[in-house]
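Enquirer: So the protein sequences, as listed, match chains A and B.
Residues in the first sequence are numbered from 1 upward in steps of one, following the working numbering.
Residues in the second sequence are numbered from 1 upward in steps of one, following the working numbering.
Just so you know, these hints were derived from the structure itself, not from any lab.
It cannot be assumed that every hint is accurate.
[Stated by the list, open to error] Rough simulated footprint, nothing fancy, chain A against chain B, three-plus residues with beta-carbon under 8 Å:
| id | region |
| --- | --- |
| 1 | 65–79 |
| 2 | 93–104 |
| 3 | 118–126 |
| 4 | 204–210 |
| 5 | 230–242 |
Backbone N, C-alpha and C fix where the C-beta goes; we use that ideal spot for every residue, glycine too.
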Amino acid sequence: MGLRRRLATLAVDATHVLVVEAPGAWLARVAIEREIGRRGWWLATSPADADALVTVGTPGPQLSERVESAWGQLPGPRSRTAIADHTNTTSVQTALDRVAAELLDPERQIRDARDREGFTSDQMSGDSDMDMSPSGIPLAEGGDDRDGLEMDELHVPLGPVLPHWPAGVVLRCTLQGDVVVAAEASVLDESDCTPVRLEPNERAALRCDQLASLLALSGWADGRAAAVHVRDALVDEPDTAAGTILLDELRRRLRRARLLRWSLRGIGDLRAGDRPDTPPHLHGDVYERLARLVDQARAELTGDEATPAPQASVPELLAVAERLVVGLDLAAARLVVASLAIDVATTSNLAPHQNEESPDA
Amino acid sequence: MPEAATSSLTLVPVGWVVLAGAIVLGLAWFAATVDGVATARAEASPTGLGRPLREVARLMRQRRRATVEADTPLWRIGSGGLVVIATLMVIVVPLGPWTVFDSPVGVVWFNAMDVCVWALVWLTGWGPNSAHGLVGGYRFLAHGLGYELPLMFALVAPPIAAHSLRVGDVAAAQHGLWFVVWMPIAFLVYLIGVLGFSVWGPFSAAVGSDIAGGVAAELSGLDRLLFLTGRYALLAAGAAFAVPMFLGGGAGPLLPGWLWVIVKTIVVLTALVLARRRLPVLRPDLFMEVGWLVLLPAALVQVLVVSVIAVWRG
């Protein structure tokens, strides 16, 4: 008993948390990420990697459904909690304390394990072996790949429960190997999205957060940590001068990162020549958009009117994303989506020209 | 083995392979600690040194998962096999005067083992019947196509200079001048290869967070523990093999030979571990070009230079 308890205590000190963000709740997500870091816990990369599931914000019915399905995939011992939008540090702390207590409670975990629906062998095998859909999964259909050879097509939705992915967005991809051959983007629970107003320092912090996601996807852990550090400082400190210094430092550091530039150059290149109707601040490749994110953060912070406040509506961004990812491999596609800095809750209401095809009622 | 008599090393009974495994696990633990400390420092979180212990406790407590229509045997072989391969790699590394497996073709043996990693990582991605895992597997194979041939040629250079494929002979041939000094390109290419087969740092696209952990996306509990340990163990084995190949084996002042082997291994291992946070991932399609157009020719030129010197010296 003593040993088992001690093992459990150690284990809970390394809890991996899968955070699912509803649109508009990114400040709450930042709070939870910081608390996770402060405890030496980890952010989980997938449900299999997670001990706890934390939902931030108020998810609509469609997102809730995805969260339920992710919850069913946590191996256990497991625990879940939800954190509403406007939270202070203590409520985040109590929520995570509760998670730790639940993970430590053996009776509760045994009960949970017993109540779970397992996949029994009857459901799985039976006479379906020769079937066209083993266990209800239809076999992949073939399609011509980019070299004209027939290749299996897989239909894989990206998001909404995926690390470093814009909240509430789903990109339904058709994959051949790891190459995206078709993509269709949508926003979950679109009618429920409530626009969020942010202070200048928070808008700058949001840009840093998007930058941090992009750097995380590039695989540069120290770069991501630097961007997260600036983000957290901007959230805490509305002081413009201090924030500007940090952003300039970050900018210099990014400029020195040659390997990063080499690996991001030329992906998702959008030129004014091909599509004059796209917003100019989206032009260029992933690396140019990454550099622009820092400039945008700086402009948001200083309220610099000389730099035009660049905003595109969510439908515009999604249309650009759909078009750019086709023909890219999954890694490049994810970098492109991150570089577009889509934020469903803050982008839509600030759009200057939300005229033609925005489908919201 | 008829030629075993020509070696200067003492062959220990095969039971000592357990010690080799224990050393590999110890080094893997050390590597995980170094990474934990570096992570804690960069992300300003408190628990650096204890991270491996906590993580092991967590994964031993976690339940195993099953996925629908998984290829379970192959999946388990993939995730569990990495530690075994790492152990099989280090048995040809002489620990000072002793060796468990004094093969006349030890260098080839190591190379054969590192090729096995291809199959294991691919199976780990293939097994769970998950799109993310599969994509991770593709990425690893694409990286493999880029790093494997340069790695093979980098491993050719030291045996040419030593006139032997026996690891002990290669170490002994470096009297006075370590191979790293006059074959630096081979050493560098070799280290890149080690990062490659350990799925580590710049070569971690196969387990990237952009595909929810890739080949590791569906692993939990013991399977995940074995897979993660396997990656650290492979790094450790790669670092250990660099010692007789490029760093003079057990040669060094004051300390006994076996201790020098371990000290040198730890230095190389630390450098490899710390590379992870500092560099972005090399995307497989980009790295393929580097591998074939830069690393492979560079390794071949290195082999040519070494061969000419070896012939000239007779």
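Enquirer: Provide an ascending list of the numbers of those earlier hints which the structure does not satisfy.
Expert: Hint check: 2, 3, 5 fail, others pass.
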